[in-house]
Each structure stands twice: as structure tokens, then as C-alpha cells.
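Enquirer: If you want the building blocks of each chain, they are given just below.
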Amino acid sequence: MKKLWLVFLYEYKKHVMRKRFIFAVLSMPLFVAFMIGIGFLSVWLQYNKEPVGYVDPNQVLVNPQQVPEKEKTLFKPVESIAYQDESAAKQALESGQIQAYFVFSEDYLSTGKVTMKTLTKASSNAKGDFGDFVSYNLARDLPKPVFERLSEGDKITIRSLDGSREMGSDNWMVMMLPLLAGVLFIIAVNISGGYLMQAVVEEKENRTMEILITSVSPTQLMAGKVVGDIMVGLTELVIWILFVVVGLKIAPLFFEIGPIPSMDAKYILLLAGTLIPAFVMVAAAMGALGATATEAREAQQMAGFFTLPIVVPFWFTSQIMFNPNGALAIGMSMFPLTAPIALPLRAGFTNIPWWQTTITISVLVVLAVFSLWLSGKIFHIGMLRYGKKVSLKEAFRRS
Amino acid sequence: MSTIKVSQISKSFGPLKAVNEVSFEVEPGEIFGLLGPNGAGKTTSIRIILDIFKPDSGSVSVLGGNMTEEKKNKIGYLPEERGLYQDIPLDRCLVYLSTLKGLSENDARDRVEEYLERFDLTQSRKKKVKELSKGMQQKAQLITTLVHKPEIIIIDEPFTALDPVNTQMVKDLLLEERAKGTSIVMCTHQMHQVEELADRIALINKGRTMLYGTLDSIRRQFASEAVIVRSLDELPTDLPGVSQIQKKNSHTLLQLNKGTTAQDVLRELIKRNVQVEQFEIAMPDLDEIFIQVVKSEGVPE
Chain F
1 MKKLWLVFLY EYKKHVMRKR FIFAVLSMPL FVAFMIGIGF LSVWLQYNKE
51 PVGYVDPNQV LVNPQQVPEK EKTLFKPVES IAYQDESAAK QALESGQIQA
101 YFVFSEDYLS TGKVTMKTLT KASSNAKGDF GDFVSYNLAR DLPKPVFERL
151 SEGDKITIRS LDGSREMGSD NWMVMMLPLL AGVLFIIAVN ISGGYLMQAV
201 VEEKENRTME ILITSVSPTQ LMAGKVVGDI MVGLTELVIW ILFVVVGLKI
251 APLFFEIGPI PSMDAKYILL LAGTLIPAFV MVAAAMGALG ATATEAREAQ
301 QMAGFFTLPI VVPFWFTSQI MFNPNGALAI GMSMFPLTAP IALPLRAGFT
351 NIPWWQTTIT ISVLVVLAVF SLWLSGKIFH IGMLRYGKKV SLKEAFRRS
Chain C
1001 MSTIKVSQIS KSFGPLKAVN EVSFEVEPGE IFGLLGPNGA GKTTSIRIIL
1051 DIFKPDSGSV SVLGGNMTEE KKNKIGYLPE ERGLYQDIPL DRCLVYLSTL
1101 KGLSENDARD RVEEYLERFD LTQSRKKKVK ELSKGMQQKA QLITTLVHKP
1151 EIIIIDEPFT ALDPVNTQMV KDLLLEERAK GTSIVMCTHQ MHQVEELADR
1201 IALINKGRTM LYGTLDSIRR QFASEAVIVR SLDELPTDLP GVSQIQKKNS
1251 HTLLQLNKGT TAQDVLRELI KRNVQVEQFE IAMPDLDEIF IQVVKSEGVP
1301 E
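Protein sequence lines correspond, in order, to chains F and C.
Mapping to my numbering: the first sequence position 309 is 309, numbers consecutive.
Mapping to my numbering: the second sequence position 179 is 1179, numbers consecutive.
Please keep in mind that the hints were generated in silico from the structure rather than gathered at the bench.
Careful, some of the hints might be misleading.
One-sided and incomplete, this derived list gives chain F residues near chain C with beta-carbon spacing under 8 Å [claimed, not checked]: (1) SER123; (2) ARG207; (3) LEU212; (4) THR214; (5) VAL216; (6) TRP373.
Taking lysine-lysine and the DSBU-like style, the derived pairs with C-alpha atoms no more than 35 Å apart in a straight line are [to be verified]: (7) C:LYS1248 with C:LYS1295; (8) F:LYS14 with C:LYS1134; (9) C:LYS1295 with F:LYS2.
C-beta atoms are modelled at their ideal positions from N, C-alpha and C, and glycine is treated no differently.
Construct the entire structure; sequences and hints are all you get.
Expert: In C-alpha cells:
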């Protein structure tokens, strides 16, 4: 058993200590940060902090006040300045004091009609901020609770009849988590399985295999590799999750992101129960592919056979969300290769009968063990075979 | 007690019988040459000894019994298909492979350092294996074979890609290991190396053992009735009992009639005042024996 851990440690360190791994780990959060940065940049480029003017001939707004600034905001709302008449506003616009001005119509309270005038194109924030300014001043005198409800809107919670499941408008995690977990799962399984496949093919290609199997039993060698490469994938996952946690801690310092919902323990268990055996199943199968293939490129092409079905539920996300008890959703959540994504996604929107969850997870566990066994078998037969594939028929015949 | 005892092993791959009732034993402190043309069944026999393949029939005993994980630590193996991890530094590769042979990481580091120095590879220890020359990789591979001080060494074509200086170094190493009592099984096509190093040999052809024994006994078995003579004088053509005289580059080969001994010929030459510089019984070299056996000329009665 000691050699299993030696193989595991070597395999793990070999990948984790490579520059390529560090780059791969950092590239995902950097990419996300970059995309967020681009988003902010594009808003910032369109943001115009110049004030806007308005002409209110019928005194719709009584004793108007600026909207109070939020504590944490990156973009302050523009100031709205009142003008006696349109010619004064026009003069201010032409002299560059304001970026645009709005004129309330005579029948504003019944029609809501406002005309905006500008020299060029006004920034998108100008219209929004002026709208907030008008709403704020129209409703300001209402009792505070009524005013808050009006400005913040409803918080609708959808609850199942037995009360076991609920989804609130602020519980975005229910929808996000399975999608996020699914994406991370696909990436991690590809990384782990890919590393495993690559390691086995490389050892065959560079003929290290013969040295290895005269030092350590094929079973220990394969088990060490599987555990090592799965840990590489999990390390990436953990690092990414840490980035998400840190991101969620840092983000509120700069802007409001709303409450972070807590996660249901049962749901986390369901996620783990589905993803872990699926992970082992796919990674081991990819390791076996490595042992059957004659060269790395060929193994990579064959790997698509396993990874493609995993992403299929993403194409049917809306069908699963809107009809989580339909035949398609049930079928996908129970078929082993689509279950890792479909089952947690479905569980976010419906109560899955316990027997369905039990069958799916049991089948995944059995397949994970079978996959490990088969890959060990194929590995044993194919490890010293150069230039000739091992067929599945042969693996079963000789087992 | 033999360190390796191979008894009547057979192994087939589909319709091909790769090894057919092969038997031999290897003693402690000897270099045993396992010879044969390509595809003769040498590598399969070795893989059966190393428990990579199971024989269809027959048995193998290594260090007094079946192969175990512990016994794997007592064997050093240099396969014909050389292989080392290409993308990692040489010392890391060697230390890892040494720990798989049961050495602790510290011991592995110390021994690897020692061997790197001996093999003149210290300067290259941080280089990736793929950056090393073929000869250097060959030496590195030899380190993995020897580093854990094995009781049995099995080496397949150990001199491939080595220059004469390194070839001599490897020979010295093998002789040193033999002196320590290590059993060495050496597979090679280089017959002069076998003649120089091996104590006993087995020659396998088409899966069968064709020859087995000490080098001397095998050469005598193949010795024809002929003598080699080197002389400054022209040799007489009418020597009694000589059926044929063949002039070679540096000597003359005299084929003797049945019943004529080398002593008779030497006596006659001296009687006729021929100045004899060299006179010896013509023994075939291993190359000739190899070719004769492989070309199915068979083993003489």
C-alpha cells in the first residue's frame, strides 16, 4: 500500500507543481475578474457624471430633493437641477453645464410624458438616474414602510405544498449552484481525466511502464494514479471555490450584492452524492482509455465520448427548470452520464422522489466501482501493448 | 541455491507460441547470458520471471519462491525498451523510481547522488530527461537498475548507445556486482560482450532452449576438427591427416581427417622444421555458434 501513496504523491505533485497547472488554476478566476472588469469598464465609459436639468412648469415635484446616495456604490447618481423655463435649461445645456434636460408635459401625472433634450446622445445613466429622482420625490411623503415597499419591490417565495422546498427571489443560489457546480464539474473531470489519460499514455509512449510494473503492482499503480489525478481536479475546484468565497466577501466592500443565501445541507449532500461517484466514474474511464489507446492524440479524441453527454443537460436547462417532472428531466437525471448535471439542477426546482435519487446515486456508485475495476483490467492488459489497441471484448474475456 | 529457477515455462499469444518449455537456472554471483535472435522469446521469458506475464504452463522460482511485492525491491531491471519520465528533472525521476524500489526518500537521494557522480551525470541532474543525450539516458536508466542494490539484475542490451569508455564502465560495474554475489541475467546480441562477461549462457530460438551451459563446454561442443597455425614459413601441402588447408588473413586453418589429432600435426610440423609461431585447436566463437544454431544447423551430436 505504501507504493500506492508514492504513486499518488508523485502523480499529484507532478501536475500541481507545473507552471501549466498554476496557469490553469489562475486562468479561471482571472478570466471571471477580467469579464467583470470589462463589464465595469463598459459601464464606466458610458457613465457621464455631468448633471441633468429639468423644467417642471406645473410643479409636479414639490420641494424636490436629490436621491440619497447609497453607502456603497461605484457610480454616483447624477444631480438633477431645476430650471425655471426651457430657455434657461437650453442655455445651460449649450454652455455645457448639464448633459441633457427633461421637460415635464402638462398632463404628466396622468400620462407620465417627459421630453428629453440633448445636444448629442445622453448617457444611459442620465435617464435612469432622473427617473429615480422623480420616483423618489413623488413618493417621498408616503409613510416610510409604504415608500420602502414601493422602491424595493416584492419578495416572493415559492414553497412546495409540504413545505420541504422553497425558492425565494433572493435565493438565487438554488438556480446558480447546480449550474455553477455543473460547469466546475465538467472542467474538473476533464482536467483529472485528462491528466490520468495523459499520464498513462505517456508512460506507455516513453516506455516507463515496464520499469514501473516491475516495482509496483498494476493495481496499486492505477489506484495511485486515479486518486492522485482526482485530487488534482479537486484541488482546482477547492481553489476556485475559495476564490468565489473571497470574491463574495470582497464584493460587498465596493457595492451591494444583496443577501448571500445559506445553502441547504440536504442539497449539498445530493450534490456531493452525485458528483463524487460521477467524477470517479468518468476519470477512471478516461484512464482506461489511456491504457487502450496507442497515442495521446487518439485518447483525447476518444475522451469526447464521455465528456459530451455530461454537458447535454445544459442545452435543456430551460426544459428542466420549467418542467422538472417531465420525462426528459427525469430521464436525464437518472441516466448516469447526464445525471451529474441534471439531477442537482432538477432538485433545485422540484421535489425529487427519494427512490429516484437513491437509484441514480446507487447506479453512479456501482458504475464508479465498475469503472475503476475495468480500467485496472484494461490497464493490466494494455500497459505493455504498443501500437495495438485493447478491445472491450478482450478486457472482459481476460477478466 | 539458484536465485532464479525457470522450469519448463510455456507462453502463447494467440496462435504464436512465444516460449516453449524453456528451462534454466541462474546462480548467485554469476553473469548469465540469455541469447537469441529477435523474437526468440527472450523478453517474454524475462517478463514471466518478473511476473509481468503469467506462464501458460511451467513455473518460475525467484529467490526461493513465487514473486512478491517485496521481492520486486530486490530486482534491478533494465528493459530493452528504455523508458524514463521525459518532462521532469533527472534527479527527481531517479529518486522517484528508487523510492518505488523500497528506498526511503533520503536514502534514494544519497544513492542517486552517488551514482550520478560515478556516471558523470552530476552536472545534468537538474536537466529534464528529454534534454539528455541517448548515452546519458542510457546511463540514467542503468542507475535505476542498480541504485537499490538488487540481488538480481536483469539487463536487456545493456551496451546499446554507449561509447567505448562507458561500455567499459558498465562492464566493470557488472563484474563488480558479480563479485558481490549478485545474479546477473544479461540479454544481448553482442556476442563478444557475452564471451567476455558471461559465465554460462542459454540460447533460445523460436521459443525453445537450443543451448545451455558454460561457455567453454558449448564452444567445445561446437569445435570442429581443425587447427589454426601461424607460421613465417610456407606450410607444406602434403601433411598427413590434413584434408584441407585454408589460408586466412593472419593464419592458416588446417582441417583434419577423422582419427588425426592436433598433436600428430604439430609433431609433423616440428619434424619438418616449420617455424611455428601459433598453434591452437580451432574453437568457434559465439557468433559462429549463434549463427549455426539459429540457421537451424542444429547442435552437434
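Enquirer: If any of the earlier hints don't hold here, list their numbers in rising order.
Expert: 1, 6 and 9
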